[in-house]
Amino acid sequence: MPIKRRRFLQALSAGAGLATLGLPAVRAAKGTRIVVIGGGFGGATAAKYLRLWGPDLEVILIERNRDFISCPQSNLVLGGSRTLKDLTLGYETLTARHGVQLVHDEVNGIDPQRQTLALSEKEISYDRLVIAPGIDFVYDGIAGLEDPAVREAIPHAWKAGPQTIALRQQLEAMPNGGRFLMSIPRMPYRCPPGPYERACQVAFFLRYSKPKARITVLDANPGIVAKQDQFLEAWEEKYPGIIEYHPNQEVTAVDSATRTVTTAAGKFRADVINIIPPQRAAAIAHSAGVVNVDARWCDVDFLSYESTTRKNIHVIGDAIASTLPKSGHMANAEAKVCAAAIVAMATDQRLVGGPVFANTCYSHVNASEAIHISNVYRYDPVSRSMQSVHGNMVSEQATRLDAYYARAWAMNIWSDVLD
Amino acid sequence: MGADTGQTPGAPGPRWQRQSRWCCLLAVLGSPAAVGAETGEASTRFNLATHGIEETLSTEDKVANVRLLTASCAACHGTNGYSVGITPVLAGLGRDYFIQQMVDFRSGARPGTVMNHNASAYTPAEIAAMADFFAALPRTGCDR
Ligand SMILES: Cc1cc2nc3c(=O)[nH]c(=O)nc-3n(C[C@H](O)[C@H](O)[C@H](O)COP(=O)(O)OP(=O)(O)OC[C@H]3O[C@@H](n4cnc5c(N)ncnc54)[C@H](O)[C@@H]3O)c2cc1C
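Sequences listed follow chains A and B, in order.
Anchor point for the first sequence: position 373 equals 373 in our numbering, and the numbering is continuous, going up by one each time.
Anchor point for the second sequence: position 9 equals 9 in our numbering, and the numbering is continuous, going up by one each time.
These are computed hints drawn from the structure, not numbers from a lab.
Predicted model, so just to flag it, every value in this text is computed and none were measured.
Be aware that a few hints might be false.
[What the hints assert, rightly or not] Far from chain A, some chain B residues (derived; all Cβ distances over 10 Å):
id, residue
1, 67
2, 69
3, 78
4, 83
5, 84
6, 85
7, 86
8, 94
9, 97
10, 100
11, 104
12, 108
13, 109
14, 120
15, 126
16, 132
[Unchecked claim] Computed, partial: chain B to chain A, Cβ under 7 Å:
id, residue
17, 65
18, 72
19, 127
20, 137
21, 140
Ideal Cβ placement from N, Cα and C applies to all residues, glycine included.
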């Protein structure tokens with residue numbers, strides 16, 4: 001092992017001990033290589049801030065897709081007030097301005113002992129690894145969805161991209177008087193308020209273009225999991241008689257030929273079906289051996305986002321097990337804590353105290369009004385987790401002002417992640 | 001942020017204690033002598049210290065924390081506070097103005113949306129440190 005790398009590893013493994021020693025600040029060993037897997041909200045932010053705060057670090061970001069497509073605002077594509085193109089952004093600035101090395105490739109495996117990753121045609125080594133792979137869907141519990149052809153015909157549209165467009169096209173082709181059915185998995189899943197926003201957006205589209213159409217929402221949870229009163233008010237006032245909401249309905253089967261969905265309560269038929277399947281940390285987290293909660297999520301140290309099972313591997317974003325919501329905003333915030341911790345370790349500096357960060361999530365009830373929910377989290381050394389400082393706050397009702405701020409939030413977070 | 005504020009994270013202390021700290025911050029702002037003295041980091045420390053807010057951090061500690069603290073503002077206010085949307089640019093805001101906004105958001109004197117809630121989650125020392133951070137940045141330009 002090269003000397004430089006050994007020194008770095010020693011510094012890293014010394015961990016908390018360094019804090020008390022209070023060693024003088026030194027520059028990171030040149031050539032210290034941090035590899036980030038996944039260029040979504042979490043990974044791209046981590047790569048950028050690693051370079052901002054640790055200019056001596058070599059940072060490689062590996063992402064399978066050429067473009068960044070934002071899930072936030074993608075429900076508006078279904079409603080018709082945004083196009084997918086509006087939400088499609090590039091990675092160029094991360095390289096040009098911040099010196100992040102972009103590799104567009106698939107990571108197929110991780111060897112934590114040798115500290116190497118297997119890409120499609122080559123291997124790449126790392127000194128420290130950040131995994132930000134987002135989620136994969138769990139199809140086991142839903143008969144019918146094991147067939148990839150059915151998964152095409154019945155899009156989840158829960159990763160913004162071609163499926164978002166496919167679902168929009170199905171809605172456009174739906175007859176007036178037809179029925180749209182969507183299902184929501186049990187918590188935790190990506191973006192808790194997102195499905196209810198989606199119901200609003202589909203209702204907004206149908207209300208004007210197919211006023212006789214109806215919507216069925218099957219929720220595996222006992223009730224609306226976020227912004228309940230505000231969503232119910234929006235459904236009642238803006239879309240009266242359009243949305244039928246059924247709590248405690250876990251989907252067990254889907255038949256794409258007859259367009260039927262089964263739950264314990266019975267069968268539901270619809271013209272367009274959107275199953276949002278249960279979720280877990282994406283596959284690469286499993287192959288890294290960092291999935292240790294419910295066989296689905298990754299437990300981390302909230303001061304550094306280092307995995308509790310594998311030293312030297314950090315996990316951020318939707319893939320972690322946490323009291324924090326699975327949001328782009330949280331992935332962005334976690335990435336910065338992780339980056340700060342890695343930079344501190346690499347430069348033998350100490351980080352004092354625990355992190356504090358905010359989460360705001362906007363849901364659009366139509367093309368011009370939104371609801372926000374806001375929360376500030378502070379590290380609690382007793383439970384060693386992030387805890388809400390004083391609970392969340394939700395807008396009393398949907399407002400135009402919140403829609404303006406929602407747009408500003410999107411522009412700023414996209415820029416913070418990628419520019 | 002333990003050492004940052006003298007408070008135990010997650011256990012912000014009795015309500016009266018927190019309120020009295022806020023009263024102190026307001027008093028600092030309201031007193032002409034203090035306002036006149038508030039020009040740099042040293043005065044921050046002085047004012048906060050004389051009003052019962054512990055300031056025990058060394059400069060490096062402070063920088064490490066404040067960088068992370070203010071980075072959370074970026075999702076809505078842009079990297080380093082250089083907003084690219086309609087939310088205000090925080091970079092280059094006068095220190096006193098920044099603190100006054102946070103105090104007014106907290107009390108409701110300044111009506112808002114998200115900020116009325118969020119402003120009240122931070123300690124006076126954290127707000128003062130954020131104010132210093134943004135005040136030190138140029139108002140325009142993109143010092144990312
Ligand atoms: C409809 C909808 C609306 C939403 N609205 C909001 C909102 O308003 N506000 C908000 O804060 N959040 C919102 N979210 C949630 C937000 O999109 C996610 O929480 C966020 O994307 C999580 O970030 P991440 O970095 O963990 O994962 P992702 O952003 O999904 O990024 C993971 C990346 O890793 C890549 N990847 C994975 N495995 C590999 C591999 N093996 N090799 C190479 N690359 C790999 C993927 O291609 C992907 O780009 C919404 C989500 C949906 C579905």
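Now for the hints, and whether the structure bears them out:
1. 67: 7 Å, violated
2. 69: 6 Å, violated
3. 78: 5 Å, violated
4. 83: Nearest chain A Cβ is 6 Å from residue 83/B, so the label is violated.
5. 84: 5 Å, violated
6. 85: Given that some Cβ of chain A is not farther than 10 Å from that of residue 85/B, nearest at about 3 Å, it is violated.
7. 86: Violated: least Cβ distance 5 Å, not greater than 10 Å.
8. 94: 22 Å, holds
9. 97: 20 Å, holds
10. 100: Correct as stated: the minimum Cβ-Cβ distance to chain A is 20 Å, above 10 Å.
11. 104: 17 Å, holds
12. 108: 13 Å, holds
13. 109: 17 Å, holds
14. 120: Violated, because the least Cβ-Cβ distance between residue 120/B and chain A comes to about 7 Å, which does not exceed 10 Å.
15. 126: Given that some Cβ of chain A is not farther than 10 Å from that of residue 126/B, nearest at about 7 Å, it is violated.
16. 132: Residue 132/B is indeed farther than 10 Å from all Cβ atoms of chain A, at 16 Å.
17. 65: Nearest chain A Cβ about 6 Å off; hint holds.
18. 72: 4 Å, holds
19. 127: Given a least distance of 11 Å, the restraint on residue 127/B is violated.
20. 137: 14 Å, violated
21. 140: Violated. Min distance 16 Å.
Checked against the numbered hints above, the structure breaks hints 1, 2, 3, 4, 5, 6, 7, 14, 15, 19, 20, 21 and satisfies the rest.
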